[in-house]
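> Read off the chains here:
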Amino acid sequence: MEKLHFEFPGQYAPGHFTPVLVGVVGSGNLEVMLEPHGGSTCTIDVTTSAGGFGPIWEAVVHDFQARHRLAGIAVSINDMGATPAVVSLRLDQAAAALPLGSQSNSGAPT
Amino acid sequence: MNRSFAESTARERVTHLLDADTFHEILGPAERVVSPHLALLGVPSAFDDGVVIGSGLLDGQAILVAAQEGEFMGGGVGEVHGAKLVGLFKRALAAKPAAVIVLAESGGVRLHEANAGLIAVSEVMRALLDVRAQGIPVIMLIGGANGCFGGMGLIARCADHVVMSDIGRLAMSGPEVIESSNGVEEFDSRDRALVWRTTGGKHRYLTDDCDVLVEDDVAQFRAAAMGLLGQSLPLSLASMEAEHALLASRLSRYGDCRDALDIWQRAGVADPLRVPDMEARQMPALKALNPKELA
Chain X
1 MEKLHFEFPG QYAPGHFTPV LVGVVGSGNL EVMLEPHGGS TCTIDVTTSA GGFGPIWEAV
61 VHDFQARHRL AGIAVSINDM GATPAVVSLR LDQAAAALPL GSQSNSGAPT
Chain Y
111 MNRSFAESTA RERVTHLLDA DTFHEILGPA ERVVSPHLAL LGVPSAFDDG VVIGSGLLDG
171 QAILVAAQEG EFMGGGVGEV HGAKLVGLFK RALAAKPAAV IVLAESGGVR LHEANAGLIA
231 VSEVMRALLD VRAQGIPVIM LIGGANGCFG GMGLIARCAD HVVMSDIGRL AMSGPEVIES
291 SNGVEEFDSR DRALVWRTTG GKHRYLTDDC DVLVEDDVAQ FRAAAMGLLG QSLPLSLASM
351 EAEHALLASR LSRYGDCRDA LDIWQRAGVA DPLRVPDMEA RQMPALKALN PKELA
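Keeping their order, the protein sequence lines are chains X and Y. Okay, so the first sequence: first residue is 1 according to my numbering, each after it adds one. Okay, so the second sequence: first residue is 111 according to my numbering, each after it adds one.
Quick caveat, the hints were computed from the structure, so don't treat them as lab data. Beta carbons are placed, not taken as given, at the ideal position from N, Cα and C, and that holds for glycine. Careful, some of the hints might be misleading.
Derived coverage of chain X by chain Y (criterion: at least 3 residues anywhere in the stretch with Cβ under 8 Å from a Cβ of chain Y; other residues may be distant) [stated by the list, open to error]: (1) 31–40; (2) 43–53; (3) 57–69; (4) 73–84.
Just chain Y, with the same shape it has in the complex (with noise of 0.2 Å):
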């Protein structure tokens, strides 16, 4: 039987991604490093201030792995929750892992510590790509209900490998923010299937933000993430290029588009109201019709 990595808390994700018994816990919950900010608020805090971080083994290889826990103010970054995150990438960059994996759920900055958590978000951008500098790969995995947004989503895209499920979804402003901001006409956030049509990640998978698309599985993510162990990509003036020339064309073939249904459609695929029914494995199919139109 399948275990929902969407319906898993950070800790049980964690435990079922990495080799069995293997996890070591840096700053576990006993150690109380909790937020400086909440309780000021009159807002309860969470012993891990919502991250899990440490080390283990995947597929018999030491890595390094971060998980966060949406269920506690949205996975919102604070102080503390980035502290730990930078603290983990700044410890790769000694014991050179075979990768550092994050399972990322967070709805961005968490707005009760502003300032504090901008900072951070900032940070962990600066200490991941520190990482990747080192030809160390990072693995995001993206399968957790409240989706991958804001700084997060920034963060995501900053990764080597980005891994979903469709019920996970990546963006930089959320469906709320877009509609509160831009009007209901923009963009409906309480359309489900539009929210998850856009932002899913079907959609990143076909459009190349997301390298890897699984089902909601967590052994499904623990093959993925094993199939891209040591896999670094570079990171230089060239790769940045090349991405920037590939927005633009994205940009310019697809600007006018009202739906991901018409970006589909003009990519070449012949049902695209089929597609949000569709299995994860049917998908790579559906990518390699057309794959200079879609990437």
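Bound-form chain X, shown alone (with noise of 0.2 Å):
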């Protein structure tokens, strides 16, 4: 098992609301949780059962963050090793459940 922490900056911020959960920790699956924290950042924790993949959590948490650019959010993983398509589509499928009018529209799926 192994943590990983990210933070970004961001544009995006919903404000208050619900905390958002998708996805269950199951095999080749995660949960994704997205809370409202008081900063201007985004932060992303993530707890997977698979160690040794930080560079390519890096690059899909950091792609994500380049289509919604959300700040104010915290978002917390675990993970079973999902792929890093499964894990992009369950950010996406997170960020589409925050209030409207929080998202950039520019590589919002279509």
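Take the two lone chains, each set in its own frame, and fit them into one complex as the hints suggest.
Structure (structure tokens):
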């Protein structure tokens, strides 16, 4: 098991919202929880069953933040060996559940 | 279009089982009441420890509900998972809901948590029976792909009512457990047809271990649960003795049967091989053919 932490500056702050949870901690799957936090950044905390994939996680969450540029949000992930594509889909699914008007449209799936 | 119960997550099942927008979760994921054991073993936790609990309305009536997530650790009952179930049943004693509904999907005790999980299962049973003693019905809905086995199978049979789909399975020892302890000649866990006709909803319904059989559709589970609200069964010495008499009779009638097919045939089902392909709505007529034999 490995724990990873990332923090990015962002622009789009949804303000207060009810925490969002998508996905489940099953084989090849993960759960993603979004919660509001006071700062101006987007923090991402990952707990994963698969050790040694730090650079891939960094690339995936970097791409996510490039698409959504979230601010004031804490992302928490429990992962059970999901592939990078599944992680990206879950992150976008969670972002889509945020209150309207808080997201960038640039990279959102259509 | 049907919403498959088996394909839905525990949260989706709860959302679509209850009246729209009435679910209020207790100890939700943001509170992070997670397993104290899994991290020590190097296994990721789930923020809800694999079970969703809370209150809501069903057909306008207040109920308490719990749903196990079969994808997380096979729905295994760990210390926190079990404590959430116990807490929900204890809440029912004060809240007096029209029912406590459990969407069970579990392989039983979460082996990582060993004794803590075993104790949790026994505590859940005690809490469930306390609720029944107050005349509050406990309803089990079983339709997940992982079935309901081990300690959770025992808990399910402590309830007033069991509702299943044919995808749902209910038993004490799971197929792999039987095969590894008694050999493949006794039970081939890779024979899916055998596994389902032995533990699946249809067989459980025909032998009276399941009260209502539905298709794999959340709306049908909802309709079945609505029909059972407020219907408490007495839990008395007489009802226990009747249950024991039924089990003794079943053993004497069918104890030498090697397969569920043999049981169905002996009970008077004309074409037992067709049963696995039949619809849930066709089963009550089959059961009515020879109710004394089957029950």
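> Could you run down the list of hints and mark each one as holding or not?
Hints versus structure:
1. 31–40: That given contact holds, which follows from 3 residues of the segment 31–40 of chain X lying within Cβ reach (below 8 Å) of chain Y.
2. 43–53: Answer holds; 3 residues pass the 8 Å Cβ test.
3. 57–69: Violated: only 0 residues of the segment 57–69 of chain X have a Cβ under 8 Å from chain Y.
4. 73–84: Holds: 4 residues of the segment 73–84 of chain X have a Cβ under 8 Å from chain Y.
In this structure, the one hint that does not hold is number 3.
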